[in-house]
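Trainee: Here are the chains, one letter per residue:
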Amino acid sequence: MRVLSDVVSFAPASPEEILRPPQPWFVLATLLVALLANIAPASGVFMALRPDFLAVVLLYWCIQAPRFVGVGTSWFVGLVMDVADATLFGQHALAYAVLAFAADYFRRRVLRFPLWQQAVQVAVLLGICAALVLLVRFIGGAAMPRWTYAAPPIVGALLWPLLSVLLQHPQRPRRGSDR
Amino acid sequence: MRPIPVESPAFFHRGPSPLARLAFFGMLSIALLFLDTRYRYLEGIRQIAAIILYPAQRAIEMPGEAVAFVGRYFADKARLAEENVELRQALTAQGPVAQAYPQVRDENERLKTLLDLQGRYGGAGTAVEVLYTGRDPFTQKLFVNKGVQGGLAPGEAVLDERGVVGQVTRVFPYMAEVTLVTDKDQAVPVKVERSGVRSVLFGNGTGRAPDLRFTAPSADVRIGDRLLTSGIDGTYPPNLPVAEVVDIERDTGQMFARIATRPLSGVDRSQYLLVLGQAAASPARPEEPAESDVVKRGRGRGRRG
Chain Z
1 MRVLSDVVSF APASPEEILR PPQPWFVLAT LLVALLANIA PASGVFMALR
51 PDFLAVVLLY WCIQAPRFVG VGTSWFVGLV MDVADATLFG QHALAYAVLA
101 FAADYFRRRV LRFPLWQQAV QVAVLLGICA ALVLLVRFIG GAAMPRWTYA
151 APPIVGALLW PLLSVLLQHP QRPRRGSDR
Chain R
180 MRPIPVESPA FFHRGPSPLA RLAFFGMLSI ALLFLDTRYR YLEGIRQIAA
230 IILYPAQRAI EMPGEAVAFV GRYFADKARL AEENVELRQA LTAQGPVAQA
280 YPQVRDENER LKTLLDLQGR YGGAGTAVEV LYTGRDPFTQ KLFVNKGVQG
330 GLAPGEAVLD ERGVVGQVTR VFPYMAEVTL VTDKDQAVPV KVERSGVRSV
380 LFGNGTGRAP DLRFTAPSAD VRIGDRLLTS GIDGTYPPNL PVAEVVDIER
430 DTGQMFARIA TRPLSGVDRS QYLLVLGQAA ASPARPEEPA ESDVVKRGRG
480 RGRRG
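Sequences listed follow chains Z and R, in order.
By this note's numbering, the letter at position 108 of the first sequence is numbered 108, and the numbering carries on one by one without gaps.
For any residue, its number in this note's numbering is found by taking its place in the second sequence, counting from 1, and adding 179.
By construction, these hints were calculated from the structure, which means they are not laboratory data.
Here the structure is a predicted model, which means the values were calculated and not measured.
Watch out, some of these pointers could steer you wrong.
[Unchecked claim] What the simulated footprint calls covered on chain R by chain Z, stretch by stretch (three residues with Cβ under 8 angstroms from a Cβ of chain Z suffice, anywhere in the stretch; the number is not a length):
#1 197-208
#2 226-234
#3 368-374
#4 399-411
#5 427-434
[Claimed, not checked] Here are some of the chain R residues that sit facing chain Z, going by a computed Cβ distance under 8 angstroms:
#6 LEU211
#7 LYS325
#8 GLU340
#9 LYS363
Idealized CB from N, CA, C, for every residue including glycine.
Required output: the full structure, derived from the provided sequences and hints.
Mentor: As structure tokens, this is what we get:
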């Protein structure tokens, strides 16, 4: 089994595996790609189901690299998202800051679970994030969105296993690098 | 040895605790939200940021455009031929109308001069293409491919070939935001085509039909009536089709009837839209001070029945 996971390097890392710290440029690049994925034009079903990629990637880095990405960084990224989205200033910023805080709280235990169980917890966190945005908009007097508003956090959570494997790949210790 | 990215013990200095940070940034967000909703001071910052993000936004559209281009290129030939026939028929059908148009326009012009009315709208429109729909699930907005550079200004009416789509609400250098008539509380002053009864059409948000508010239960409105812009607010030129009445609930116990409508334009479907230049300025309303957010909400809400 051990050998197999070494060969198939895209298999998820076990909780015991020590990952190397990520390169700052890699963190930045992934955040940028997530932002672009968020603002890419879409319509119909894709639009309704599109998860908040940025929230998922931020959550990943808040859990894996809390020294690079914390509450402050998330807040700033949220502000950029607000501008890109032309929504209220501070709406995503607030949601992402809370997300980062929650991630810091959860992070020590969430990685002990297998990926699909992590995804369940991630769904809860993304749901809190979405509920916060909903609350802010209600105070601002917005109309109730459709029930499909609940879909993106769930889709985001389903993407979690895939995204974790992809994002942790460059941090996996290479075979023979220090043996 | 490589650094081990595990927890550093608490006695290493790592700045304020996450809770302190959350409190700080949370307060900051709430302050920003307040400033943005109340005063709209931050439009300048938004403009600058929009310019920076513009190349990225266009870049992300390129793959989609390429796919659409290839798709169009290989479009079914039979379908194209069919469409061609249909278009030809439509052209023939509209021929007499088109030929009569210059004459009618001239006549109209003369009549207007006679009546000493100033032309309320120049007739020149700007064709725009929809870039993408707004991602915000709480509002009904579109982004179009022209902005300040294309001569667009906030407050201008946006139409498609079937009727009014909405209003330009925010203008960036290379694109503009259009708020649709279905957006919550977006108001369009209308009149019933058949009877001339004036009212105001209010959007009700995503997935809900706009309705006529402040209309007496006894008003002459029937199911199937077309609603045209009344031109009273000065934002929308008069006599543009907006919506059709689909349901009326008359309860004499209530002050007003509940009248549900269906927009005539392809509010969420049209790809190409027309932006009409700002109508000639009407004389200011005497009894009310000018509102700062006239652009967002139509003028003269709820006064006329």
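Trainee: State for each hint whether it applies.
Mentor: Hints, verified against the model:
1. 197-208: holds (count 8)
2. 226-234: holds (count 3)
3. 368-374: violated (count 0)
4. 399-411: violated (count 0)
5. 427-434: With 0 residues close enough to chain Z, the hint is violated.
6. LEU211: Constraint on R:LEU211 satisfied, holds at 3 angstroms.
7. LYS325: violated, 16 angstroms
8. GLU340: violated, 20 angstroms
9. LYS363: holds, 4 angstroms
When held up to the earlier numbered hints, the structure conflicts with 3, 4, 5, 7, 8 and fits the remainder.
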